[in-house]
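Student: So the chains spell out like this:
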Amino acid sequence: MEQKQRVLVIIPAYNEAENIVRVVRHMMEQAPQYDYLVVNDGSTDDTLDLCRRENFHYLDLSINMGIGGAVQAGYVYARKYGYDIAVQMDGDGQHDIAYLDRMLAPILRGEADVVIGSRFLEKEGFQSSASRRMGINILSALIWLTTGKHIMDVTSGYRAVNKMFIRIYSEDYPMDYPEPEAIVAAIMHLGRVKEVPVQMRAREGGISSITFRKSIYYMIKVTLAILICRMGYGIRRGRREDLQEPRGEE
Amino acid sequence: MIPATLRLTLIIAVVCYFIVILYFLKQKALNLKYTLLWLVAGLVMGILVAVPELLVSIIHIFGIQDNMNGLFIFAIGFMIMILLSLTSIASRQNRKIRTLTQELAILDKRVRELEKKDIE
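Heads up: the protein sequence lines correspond to chains E and S, in order. Sequential numbering from 1 applies to the first sequence in this note's numbering. Sequential numbering from 1 applies to the second sequence in this note's numbering.
Keep in mind the hints are simulated off the structure, nothing from the lab. One should not assume that every hint holds.
[What the hints assert, rightly or not] Cβ pair distances, simulated, as ranges: (1) E:K4 - S:L86: 26 to 32 Å; (2) S:L86 - E:D35: 40 to 46 Å; (3) E:D35 - S:R92: 51 to 57 Å; (4) S:A75 - E:R53: 56 to 62 Å; (5) S:G77 - E:Y217: 54 to 60 Å; (6) S:G77 - E:D46: 22 to 28 Å; (7) S:N94 - E:K4: 37 to 43 Å; (8) E:Y217 - S:S91: 15 to 21 Å.
Positions of the beta carbon are idealized from the N, C-alpha and C atoms, including for glycine.
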């Protein structure tokens, strides 16, 4: 039963020429039973050439659309080809494929719809800078206030979702800085969101997409996005059984 | 109350406005769908030039003292409306482009796979 589930690992990559080959090869060695899909988000460096040369599975977005658009392309692909579970994992080597099974477990057991790999549950591995952690805590508190659900690592881009959320995210996925907003959307769709402890590494090469200069804009934008996203759903009092599409045929 | 020469200038301006819009429409540089708002605006301007008393009474209904101020307030309000609708059009198009780009990328992958299969 468990091994029949088809899993797609989505690896968004924007200018990740320094990392992408290592990340994908590592994935192919450590978890060859799962499919992967690199989404080249209109990179201006050699990312596309490397994918082509290495014969990776990749999507090539002709325009740079930001992480949200790239990840969503992966979900659209997963939906189109009937995958049961989709995992999103950054192309910069921060996320360790070794935790993949741990992330998949709650979904395979049918206990969760969305699983988030969290750095802060066991407080091991790379913990990010103090100022970043403060920002994450603020957003975490905001999500708790607006949805009543406590998620620690709201900006983690290491996630696994089941078929139901492949469909939901392929239809509508937030743009710009999508991670916290996507959690709110998941909760408002009555998804069971679960955090699983993982360790992350500091970036091995390239530069993070969020520079210090942008962090103020980031906080304002994401705060607004969470509030608007929450507003968009109004008062939700439905039960899971009310969802229109049953969760698979299992 | 509006001097005759000013009125004449305004009439010429409105006529020019319509000529420009119609020219753009004819060149297909403008989509009729998005031009309707501008045409309505021109119509309103035309009516106001023809019957200036209308503007004065409307402005007084809103409690604005100065006629010119009232005119500016209306004009600015109208422009904000148009800008908002443009932003909404841009957002909608952004969404469509996103979908297209994603579909294109998925098709591109499919074509690559088929080509590879062909060679084999």
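Student: Now look at each hint and say whether the structure bears it out.
Tutor: Verification of the hints:
| no. | hint | in the structure |
| --- | --- | --- |
| 1 | E:K4 - S:L86: 26 to 32 Å | 50 Å, violated |
| 2 | S:L86 - E:D35: 40 to 46 Å | 42 Å, holds |
| 3 | E:D35 - S:R92: 51 to 57 Å | 33 Å, violated |
| 4 | S:A75 - E:R53: 56 to 62 Å | 59 Å, holds |
| 5 | S:G77 - E:Y217: 54 to 60 Å | 29 Å, violated |
| 6 | S:G77 - E:D46: 22 to 28 Å | 51 Å, violated |
| 7 | S:N94 - E:K4: 37 to 43 Å | 39 Å, holds |
| 8 | E:Y217 - S:S91: 15 to 21 Å | 19 Å, holds |
Of the numbered hints stated above, those contradicted by the structure are hints 1, 3, 5 and 6, listed in ascending order.
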